[in-house]
Amino acid sequence: MGANVAVEGVSRGYGAGASRVVALEDVSFTLAPGSFTALLGPSGCGKSTLLHLLGALDRPDAGRVLVAGRDLARFSPGEEDLYRRRTVATVFQFFNLLPTMNALENVRLPLLLDGASVAKADARAKEALLEVGLEGRERSFPYELSGGQMQRVAIARALSGSPELLLADEPTGNLDSKTGGQVLELVARLHRERGLTVVMATHAAEAAAVATSVLRLRDGRLEPRAS
Amino acid sequence: MSVRHLSLPLAVRPARRDRLRFLLTLFGVAVGVATITAIALANGSVLASFSASVDAVAGKASYTVSSDAGSLPEETLNRLAWLRGIGGAAVPAILDTALTKDTGDVVEVLGIDPLSEALVREHAVSQSKEVRRAGAADLSRLAQLLEPGTLVVTEPFARAHGLAVGSELGLVAGARDHVLRVVAVVASRGAAESSAGSIVFTDLANAQELFGKKGRLDRIDIVLPEGLSTESRTRLEEEIRTSLPEGASVGRPSRRTETVERLVRSFRVNLTALGLIALLVGAFFVYNTLLVSVLRRRTDIGTVRALGASARAVFGVFLLEGALLGVLGSALGLGLGILLAKAALFAIGGTATQLYVPTASPRLFLSPVTLALSFGTGVVASILSALAPALEAARVAPASSMRTGSLETAKRSSAPRFALLALGLFAAAAVAARQEPLAGLPVFGFLAVFCVVAGAGLLAPLAVTVAGRLPQRPLARLFGPEALIAQASLQGSLSRTSVAVAALTLALSMMVGVAVMVGSFRGTVVRWVSDTLRADLFVSPAGGKSGASFGRLPDEAIALVAGVPGIAHVDPYLAISALRNGAPFTIGSGRFEVLAANGTLPFLDGRPAKDVLLAARAGGEAVVSEPYAVKFGVTTGDLVELPSPKGPQRLRIAGVYSDYSNDRGTVSIDRDLFQSLYGLTGASSLAIWLAPGTDPDLARMRVLAAAKGRFALRVHTNVNLRKEVLRIFDQTFAVTWALEGVAIAVALLGVFHTLLALVLERRREIGLLRVLGTSVEGVKKAIRYEAAALGILGSLLGLATGAALAHLLIHVINKQSFGWTIATEWPAGFLAAAFTGVLLATLLAAERPATVAARTDPARALKEE
Chain A
1 MGANVAVEGV
11 SRGYGAGASR
21 VVALEDVSFT
31 LAPGSFTALL
41 GPSGCGKSTL
51 LHLLGALDRP
61 DAGRVLVAGR
71 DLARFSPGEE
81 DLYRRRTVAT
91 VFQFFNLLPT
101 MNALENVRLP
111 LLLDGASVAK
121 ADARAKEALL
131 EVGLEGRERS
141 FPYELSGGQM
151 QRVAIARALS
161 GSPELLLADE
171 PTGNLDSKTG
181 GQVLELVARL
191 HRERGLTVVM
201 ATHAAEAAAV
211 ATSVLRLRDG
221 RLEPRAS
Chain B
1 MSVRHLSLPL
11 AVRPARRDRL
21 RFLLTLFGVA
31 VGVATITAIA
41 LANGSVLASF
51 SASVDAVAGK
61 ASYTVSSDAG
71 SLPEETLNRL
81 AWLRGIGGAA
91 VPAILDTALT
101 KDTGDVVEVL
111 GIDPLSEALV
121 REHAVSQSKE
131 VRRAGAADLS
141 RLAQLLEPGT
151 LVVTEPFARA
161 HGLAVGSELG
171 LVAGARDHVL
181 RVVAVVASRG
191 AAESSAGSIV
201 FTDLANAQEL
211 FGKKGRLDRI
221 DIVLPEGLST
231 ESRTRLEEEI
241 RTSLPEGASV
251 GRPSRRTETV
261 ERLVRSFRVN
271 LTALGLIALL
281 VGAFFVYNTL
291 LVSVLRRRTD
301 IGTVRALGAS
311 ARAVFGVFLL
321 EGALLGVLGS
331 ALGLGLGILL
341 AKAALFAIGG
351 TATQLYVPTA
361 SPRLFLSPVT
371 LALSFGTGVV
381 ASILSALAPA
391 LEAARVAPAS
401 SMRTGSLETA
411 KRSSAPRFAL
421 LALGLFAAAA
431 VAARQEPLAG
441 LPVFGFLAVF
451 CVVAGAGLLA
461 PLAVTVAGRL
471 PQRPLARLFG
481 PEALIAQASL
491 QGSLSRTSVA
501 VAALTLALSM
511 MVGVAVMVGS
521 FRGTVVRWVS
531 DTLRADLFVS
541 PAGGKSGASF
551 GRLPDEAIAL
561 VAGVPGIAHV
571 DPYLAISALR
581 NGAPFTIGSG
591 RFEVLAANGT
601 LPFLDGRPAK
611 DVLLAARAGG
621 EAVVSEPYAV
631 KFGVTTGDLV
641 ELPSPKGPQR
651 LRIAGVYSDY
661 SNDRGTVSID
671 RDLFQSLYGL
681 TGASSLAIWL
691 APGTDPDLAR
701 MRVLAAAKGR
711 FALRVHTNVN
721 LRKEVLRIFD
731 QTFAVTWALE
741 GVAIAVALLG
751 VFHTLLALVL
761 ERRREIGLLR
771 VLGTSVEGVK
781 KAIRYEAAAL
791 GILGSLLGLA
801 TGAALAHLLI
811 HVINKQSFGW
821 TIATEWPAGF
831 LAAAFTGVLL
841 ATLLAAERPA
851 TVAARTDPAR
861 ALKEE
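Those sequence lines, one after another, are chains A and B.
Take the first sequence: its position 184, counting from 1, is numbered 184 in my numbering, and each next residue is one higher.
Take the second sequence: its position 412, counting from 1, is numbered 412 in my numbering, and each next residue is one higher.
Hints were generated in silico from the structure; no laboratory data involved.
No experiment lies behind these values; they were computed from the predicted model shown.
One should not assume that every hint holds.
As the list claims (entries may be wrong) - Here are the simulated SDA-like pairs of lysine to any residue, each with C-alpha atoms no more than 20 Å apart in a straight line: (1) A:Lys-120 <-> B:Asp-672; (2) B:Lys-214 <-> B:Lys-646; (3) A:Lys-120 <-> B:Pro-474.
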């Protein structure tokens, strides 16, 4: 089941004084559990900053970010780690697979970190790879896979631990349009089948089309909501 | 695009960004160069100081006549009187060593003939204020000045001992106290410069009296008329040779330096070989740093290649970077080395003088050749280490998209090939170990060591690969998922991790090899001491600060000691230095019948010492020490030729005995035979057996009391002497341990360096691990596991390689260098401690990289692309 998300009056800036850059300014929205939302906007509009805040990788200067009713800024370091292991999962533009691990090892890592045995984690990881259509490539290292295949491994990794919230940061940004379309389809299918909440940052309107709702960001501010 | 244009983007700027790593590399090279510089400078200084003393004493002499065994009869001078007829001169001298009574310092005493002295050596009165104030002596009247009981001192010596003209100086020579009056203070010029001014001059007859050398001479310096052709000089040298009595020879004065050089050669070569190990570890640093640079800059290299840079230019950039690291590191190393040499000079000088030549502390001599050689070695080693990474860089295709991972896989697949090459090297080592020494040096032994070490290094990639394939389930169950992260990283960065393992293996193997060798040597010496040092007391002339004892006890002292109540038997040991084919050895003598009845000598063939010694005494035969037998290739039943005033004496060898007291080699004969050949009295030391029930400490006190005021003796009880032997042994190997420490420290720095490089390079991956929910502690744990794996692999390989090196050091290098047979002992405690120590140290080295990794901000790390 997906988590509900509430972003309340969130601002975040970097640097100080004259060189201060405002990445987000007074952003507020809520997302229903199981929703698929696209954060649409040009590069530099604050999409990644917002995803980092949702992933508890960063904290807002003002406002609150609540996921499943919990204020992320109030997490202890231990709770943060636990949140990243169990509640949230992220898919990146550049895949971010560990180059020293093969596909299976990459996928099972979050499960192992969460205390699963190697046998259990392996079985679950194989299922996840099967789910993204990569059966037979378990032993392949990232450099032996195509961009689309790497992104599938990244998605399998994100979903192996049954998260409630999936964050996707330009997941098709580094893929050709055909492969990108297949990856989007996969994300949409998994969203439908699993009912998890998905937030996808993208600069492409056609990519945003697979989402059930769109939030437009421009210069760190949210534009009026459209569906 | 030229090397000049490419250097900025490919080498200079990245190096600036990676300052810490480059500084560590510089330091690695510097430590290696510093070590070899310090050893070479310190050894060179000892020899240079000795050589300078030899030259200073030789003065204008073209040749020096000396005895091949002991001293010359005075009548030799008459045989050379003809030289005066051709405008030359033969100037006699006594050159021996005494102690100052007040401070126990070693001082050389040159006994001179005042009438002919000016022909060979110049002396000038000191111009110092104090001396002028006291009234300078007239050196032109040297004969009148040097009355019996007087001496001339040098300016530094006078200053050090607070002497002026008219003061009295107490000297201990030949175990007796003497008081001499200072009649002149000479400037530090000519002979006065010998032994850094620790030299005094006295009349020849005076010196003969001091050292019990009546009617004898230590040397005759020959001055030839000026303007002679080389042919005439050679002819004259031949004429001098034919004029000499049996057992005397003529040669250039530098012959003495060559003899000492030969004595300390093995010692020096062994130390230098150890120093090179430190440099080898430094070279690993250069290789590692440049390889990491190439791997990191693959994309940049591909881009500049696409822009038209030639493969040769790319190769040039990285080779230049290696050379630059070598030049800077070596320059830093020279500075460090000079400082180290100053500190080490005392230690090495101490060891060398203790073992080979008792002399004053040598001064540091900065030989430009040594400095240039050390610098060159550092630069060449760095350039050679840069070759492989530079080739790797040159092979990068234009606009390369090849990722690091695929490169690592290529490396992994070459691991078995490296292992095969390692096997080949081990086989070569086995063959080299069976070869005879070259010119007395274990050249093939060192080659075998090199093959073993290089082979072990080549095994490192295989070891890491094997570790990477360890079953994951038990690993994860025992150590958690962080162990799997570490395992993947270990194998995924094979080119770096295997180099760290190799460096650690190299350093630890040398440490283990040397530790086993020294431990076994010590064990052997302890057993040998308990087998051979059976007497209750040992008496020798007092040795002062030097620790080593020199000079001879007169017969009266022997008689006096023998007469002390409670003393049952006295065996006087008397030894002289001799030369065989230019190589020095010792001719020793003792009362074989006393030794046969009371003591023992361990003969290699296991025969009872009593039988061999009594047969040798009856048959006029000799027994030789193992180093002598090995050095000159002789064995029981062969004939040994001893130079003597009665002509060369050919004696049959009755047996070969173990002896670890020196590596020059000793031929021992019965005292009666020795005295009939050399006409010498007195003893270098006495072994004393007490009557049953006599307390050794009490007997020692009695001997000292009886000698008080008459002879300056040093008396050791058996227990004390055994302790003293081990103390000298441990002091001798102190330098070796220091060098081992340096090699280990450099290798640990290598582990630190590797881990830090890996952490910096994997910021993004570490950030990702944090995003995936790895805790800060989990990241640290993974780095620590990786360090532990490097430590364990390096230690295991190091221990195994060390065992092989120990075998080579003990049975090949030591045996060929010094001639000693050593029984191998495995110091289990030390090996366990080394293993644990290295493991703990690697973990400690991982702390900083682990902290850096833990501090990684995941959001920022992921933004960096």
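Review point. If you draw a straight line from the CA of A:Lys-120 to the CA of B:Asp-672, is it 20 Å or shorter?
Key: Answer violated: A:Lys-120 to B:Asp-672 is near 90 Å, above 20 Å.
Check your understanding: Are the Cα atoms of A:Lys-120 and B:Pro-474 separated by 20 Å or less?
Key -> Roughly 14 Å separates the two Cα atoms, so the pair holds.
Check your understanding: CA of B:Lys-214 to CA of B:Lys-646, is that 20 Å or under?
Key -> 19 Å, holds
Hint violations for this structure: number 1 only, all remaining hints satisfied.
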